[in-house]
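Participant: Sequence:
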Amino acid sequence: MGRSCYVIKNKEGGVDNVLAPNDQPSGLYQRAMEVLGDQKQALSVWGTAYSPDFVSFFGDWMSMPSEYGLDSNGEPRYDDVMSFIKQKNYAVGNFMADEVKDINNTITSLGVDNINDLNDMIVPNFLSGGDIFINRYNLERSGMYDADEIDNIMTNRLEYERVRDMMRRIVDFMSEGDLNEKDTYFLSSESGLGDDYMIYEDVYDSLGKRRALNPIEVRDTIMRAVGGISDRREFDRAFTSVPYPSLALRYQEDQDYADRMYDMYRNMTRMEVRSQDGNTITDSYSNSTIPYISMPKDMKGLRDKVGEMINMDDFKDIKDVAGRLYDIAMDLSDMGVDISEAISDEMVISRPEDIRDLMASLDVMLSSIQNGDPVYDDFISDLDRITGKGNPIYEVQDTYFTGDRMVYVRSGKTSPSDMYDRNMLYVGRNIYHNTTPITDTDQAYEVLADIGIAQPSYLPTGVVPHGASRSDIGVVKDNIKKLVMDNISSSNTESMILARLIYQHPVTSKVDDVDIDREFRRYEARQGKDRDFIKSCISLRKIQIKERLKKSDLYNNVLRFLDFNGFYNVSLNHHDRGTLKNIEISLPDGQVRDLLFDVAIESSDSSMRDLFYLDRQDRMMDVGFYRYLYQRNPGLLREVNGGVEARPDGLFLARGRYDDFVSFQSGLYEKVGETVNGGIYSFVDNFIYSDPSSYQDSMVRKIGDVTVRSDDNRLSRVEDNPSSSKIINEYTANTNRLMRDFSCN
1 MGRSCYVIKN
11 KEGGVDNVLA
21 PNDQPSGLYQ
31 RAMEVLGDQK
41 QALSVWGTAY
51 SPDFVSFFGD
61 WMSMPSEYGL
71 DSNGEPRYDD
81 VMSFIKQKNY
91 AVGNFMADEV
101 KDINNTITSL
111 GVDNINDLND
121 MIVPNFLSGG
131 DIFINRYNLE
141 RSGMYDADEI
151 DNIMTNRLEY
161 ERVRDMMRRI
171 VDFMSEGDLN
181 EKDTYFLSSE
191 SGLGDDYMIY
201 EDVYDSLGKR
211 RALNPIEVRD
221 TIMRAVGGIS
231 DRREFDRAFT
241 SVPYPSLALR
251 YQEDQDYADR
261 MYDMYRNMTR
271 MEVRSQDGNT
281 ITDSYSNSTI
291 PYISMPKDMK
301 GLRDKVGEMI
311 NMDDFKDIKD
321 VAGRLYDIAM
331 DLSDMGVDIS
341 EAISDEMVIS
351 RPEDIRDLMA
361 SLDVMLSSIQ
371 NGDPVYDDFI
381 SDLDRITGKG
391 NPIYEVQDTY
401 FTGDRMVYVR
411 SGKTSPSDMY
421 DRNMLYVGRN
431 IYHNTTPITD
441 TDQAYEVLAD
451 IGIAQPSYLP
461 TGVVPHGASR
471 SDIGVVKDNI
481 KKLVMDNISS
491 SNTESMILAR
501 LIYQHPVTSK
511 VDDVDIDREF
521 RRYEARQGKD
531 RDFIKSCISL
541 RKIQIKERLK
551 KSDLYNNVLR
561 FLDFNGFYNV
571 SLNHHDRGTL
581 KNIEISLPDG
591 QVRDLLFDVA
601 IESSDSSMRD
611 LFYLDRQDRM
621 MDVGFYRYLY
631 QRNPGLLREV
641 NGGVEARPDG
651 LFLARGRYDD
661 FVSFQSGLYE
671 KVGETVNGGI
681 YSFVDNFIYS
691 DPSSYQDSMV
701 RKIGDVTVRS
711 DDNRLSRVED
721 NPSSSKIINE
731 YTANTNRLMR
741 DFSCN
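First residue of the sequence shown? That's 1 in the working numbering, and the numbers climb one at a time after it.
These are calculated hints, taken from the structure and not from any lab test. Don't be surprised by glycine CBs; every beta carbon is placed ideally from N, CA and C. Don't take each hint at face value.
[Said to hold, decoys possible] 16 Å max Cα-Cα, derived EDC-like pairs, lysine to aspartate or glutamate:
| id | residue 1 | residue 2 |
| --- | --- | --- |
| 1 | K542 | D354 |
| 2 | K535 | E584 |
| 3 | K300 | D327 |
| 4 | K550 | E217 |
| 5 | K546 | E341 |
| 6 | K551 | E341 |
| 7 | K529 | D594 |
| 8 | K316 | D331 |
| 9 | K546 | D563 |
| 10 | K481 | D450 |
| 11 | K535 | D331 |
| 12 | K542 | D363 |
| 13 | K300 | D363 |
| 14 | K316 | D363 |
| 15 | K671 | E639 |
| 16 | K550 | D334 |
| 17 | K529 | E602 |
| 18 | K182 | D685 |
| 19 | K550 | E341 |
| 20 | K671 | D660 |
| 21 | K477 | E446 |
| 22 | K477 | D442 |
| 23 | K551 | D685 |
| 24 | K305 | D263 |
| 25 | K305 | D231 |
| 26 | K551 | E353 |
| 27 | K529 | D563 |
[Unchecked claim] Pairwise CB distance ranges (calculated):
| id | residue 1 | residue 2 | range |
| --- | --- | --- | --- |
| 28 | I199 | K510 | 47 to 53 Å |
| 29 | T155 | D38 | 38 to 44 Å |
| 30 | K297 | P648 | 57 to 63 Å |
| 31 | D263 | K510 | 21 to 27 Å |
| 32 | G111 | G307 | 56 to 62 Å |
| 33 | R593 | I199 | 24 to 30 Å |
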C-alpha cells in the first residue's frame with residue numbers, strides 16, 4: 001500500500017492523528033471515538049481492522065479494496081469491525097461475558113428468575129412498533145428502576161443509548177426463540193432472597209441497574225459470622241463485625257430487621273473447622289501452606305532481600321518498607337507461600353516488631369530449605385499470629401445438630417469407619433461429632449434402655465412400647481439391638497450406631513444427592529487427557545497468591561473463592577450457582593481456566609462438583625462410567641452383609657442378589673455371572689472417599705439397566721448490538737502490538 005505509518009504520535013507519546021490508506025483522517029477511528037469516548041479502545045477497534053483474524057473473517061480488503069464495502073477513506077466500516085469483535089467474544093447466546101453478568105445482575109436485583117422474565121418486563125413497557133422507547137414515564141411505569149437509576153439513564157446520553165441498545169438486543173435474542181440449555185443455565189438467577197441481603201455499589205450495569213453483590217455470598221458470610229450464636233448480646237456484637245457496613249448499620253437502626261436476623265440464625269449449628277492432613281486432624285483450619293512450599297527461583301536474591309529487612313534500623317519510610325515487603329511477597333508466591341495479609345501499610349505502622357519476627361523466621365525457613373532439611377513451624381506460627389489464621393475458624397450449617405462437640409472437617413479420602421477410629425463420628429457431609437468410640441457395647445445398650453424407659457421420645461419411634469415400665473427394659477433392649485442390626489454396614493458399625501443413638505443423631509446419615517447425568521459429563525470430560533492433579537493444585541495456589549498481591553480482577557472474580565486445604569484438597573468457600581457461573585464466565589481461555597478445569601473435573605470435593613458448564617451428552621450403558629460413579633459414591637449401592645459363599649477363584653456368590661454392582665467389605669464388586677442362587681461378583685476397586693456417606697434406607701431406581709439408590713427421588717438433573725466499551729475491553733491487548741506496527745513520530 002506504500003505506507004509504513006498510520007498513527008501519528010506527538011512528542012509526549014500521545015496520538016495526534018490516525019490516517020486511512022488515502023492519507024485522510026481515519027473515519028473508522030473517528031467513529032470509534034464518537035461511540036466509545038476512549039482513545040485506547042478506539043485504537044483497538046481501528047487496529048482490529050488490520051489484524052489477520054479480521055482479514056480472515058471479512059476478506060483481504062487491503063489487497064482488493066474494490067471488492068468490499070469500505071468507507072469513503074478505504075477502510076472497513078465501524079459496524080463491520082464491531083460485528084467481528086462481537087462474534088469473536090460472545091460467551092452465551094449473543095452476549096459477551098460482562099453482558100451476561102449485567103443481565104444476571106438485573107435479574108437478581110429485580111427478583112425475577114431468568115432472561116425470559118426480564119424480557120416479559122421489557123416488551124410491554126418499552127417496545128412499541130418494533131422499536132425501544134425510553135422516557136421517564138416508561139421507566140417509572142415499568143417498576144424496574146428507582147429514582148437514582150432513572151436520573152442516571154435520562155441525564156447521561158451514553159448511558160441512555162447503552163440501556164436502549166441492551167434492551168433491544170435482549171428482545172431480539174428472545175424473539176429468536178431458540179434458547180438452549182447453556183443459555184438457560186447462564187442467563188438466570190438462583191437467589192430469591194429478597195432485600196435482606198442486597199448490597200448495591202455506585203456503578204451501573206448495561207441495563208441501567210446498580211450493580212449488587214451476590215446476595216447468596218452475602219448471606220453465607222453473615223451466617224458464618226453469627227450463625228449458631230444464641231446469646232443475644234454476643235449475637236449483636238458479632239453482627240457489627242460483618243464486612244458489610246450498610247447491613248451492620250441497618251441491624252442497629254431497624255429493630256424488625258435485627259430480630260429477623262437473630263431468629264433466623266441463632267438456632268443453627270456452629271462448628272469449629274478442622275483440617276485433615278494425611279492421618280492427622282488439626283485443631284483449627286488453616287490454608288495448609290506446607291504442601292505447596294517449593295524451592296524459590298532465586299534463593300540468594302530472596303535471602304538478601306529478607307536480610308535487608310531484618311537489618312533495617314526502623315520502618316519510618318512506610319512506602320519503602322511496604323515496597324520491599326511486596327517484592328519479597330512476590331518472590332514467595334513462586335514458592336507457594338502467601339504473606340499478603342501481613343504486608344499492608346497498616347501492618348507496617350502498627351506491628352513492625354511482628355513483621356521483623358516474621359522476616360527472621362522466614363530467613364530460618366529459607367536456610368533450612370537450602371540445607372535440604374526444611375523446618376516450617378516457626379515461620380507458619382509467626383504468620384498465623386499476624387494474620388489471625390491461628391484463631392479458630394467456624395463453619396455454620398442451617399440445620400441443628402445435637403451435641404456440643406460438632407466439628408466441620410475439610411477431609412481427604414477417608415471412610416466413615418476410619419474417621420470414627422480417629423474419634424470423629426460421621427453425621428453429614430464434612431460434619432462430625434468429636435467423640436470417643438464406644439468400646440463397651442453391652443453397657444451402651446443398658447444405658448440406652450434406661451434412658452428410653454425414662455424418656456421414650458429420646459429413642460426412635462417404636463423402640464419403646466407405649467406405656468413401658470422398668471419391667472419392660474428387656475424388651476426395649478431387644479428393640480434397640482434389632483434397630484442397630486437392621487442398619488449395620490461396613491460404614492455404619494454397631495459402635496457407630498450406638499453412638500448415634502446416644503447423641504440423638506439419625507441412625508443412618510443422609511446420603512448425598514448425586515446428579516447422574518452431571519457425573520457422566522464429568523466422567524466424559526476426564527477421558528483422553530492425562531492430568532497431574534497435584535501439579536495443577538500447586539500451580540493454581542501460586543497463581544492465586546500472585547494475583548492476590550496484584551489485587552487483580554482475576555483474583556476478585558475467581559481465585560478468591562478457592563480454598564487450599566490439607567494435602568492438595570481444593571474446595572470453594574462459596575459454591576452457590578451464582579458464584580459458579582460468575583467464576584466460569586470471568587475466566588478467559590488460557591492457563592488458569594485449564595488448571596481450574598482440570599482440578600474441578602478430577603476433584604471429589606462436593607463444592608467443586610458443579611463447577612463449569614458441561615454440555616449434555618447421551619449416557620449409554622458404559623460400564624466404565626458406573627465403576628467410576630459407584631467408586632466415588634458408595635452410598636448409591638446396596639451392601640452385601642451376609643449370605644456370601646466364597647469361591648476358590650477369588651469371586652463370591654451373593655445369595656438372592658443380582659445387582660450389577662454391590663458394596664462388600666468397603667470395596668466395589670461387579671457382577672460377572674449368575675446362578676439360580678444369586679449373582680457371582682468380582683472385586684473392582686476400593687471406594688474413593690472424599691465426602692463420606694453412610695448407607696440408608698432409600699429409594700431404589702433404575703438408571704438404564706443398573707439399579708442405583710438416592711434419598712427419596714432426588715437423582716436430580718440440570719434441566720431442562722452489545723455495549724461497545726465492554727466489547728472493546730476484550731481487544732485492547734492488541735493495541736500495543738498494533739502501535740508498534742503502525743506508529744511513527
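Participant: Which numbered hints does this structure break?
Facilitator: 1, 2, 4, 8, 11, 12, 14, 18, 23, 24, 25, 26, 27, 28 and 29
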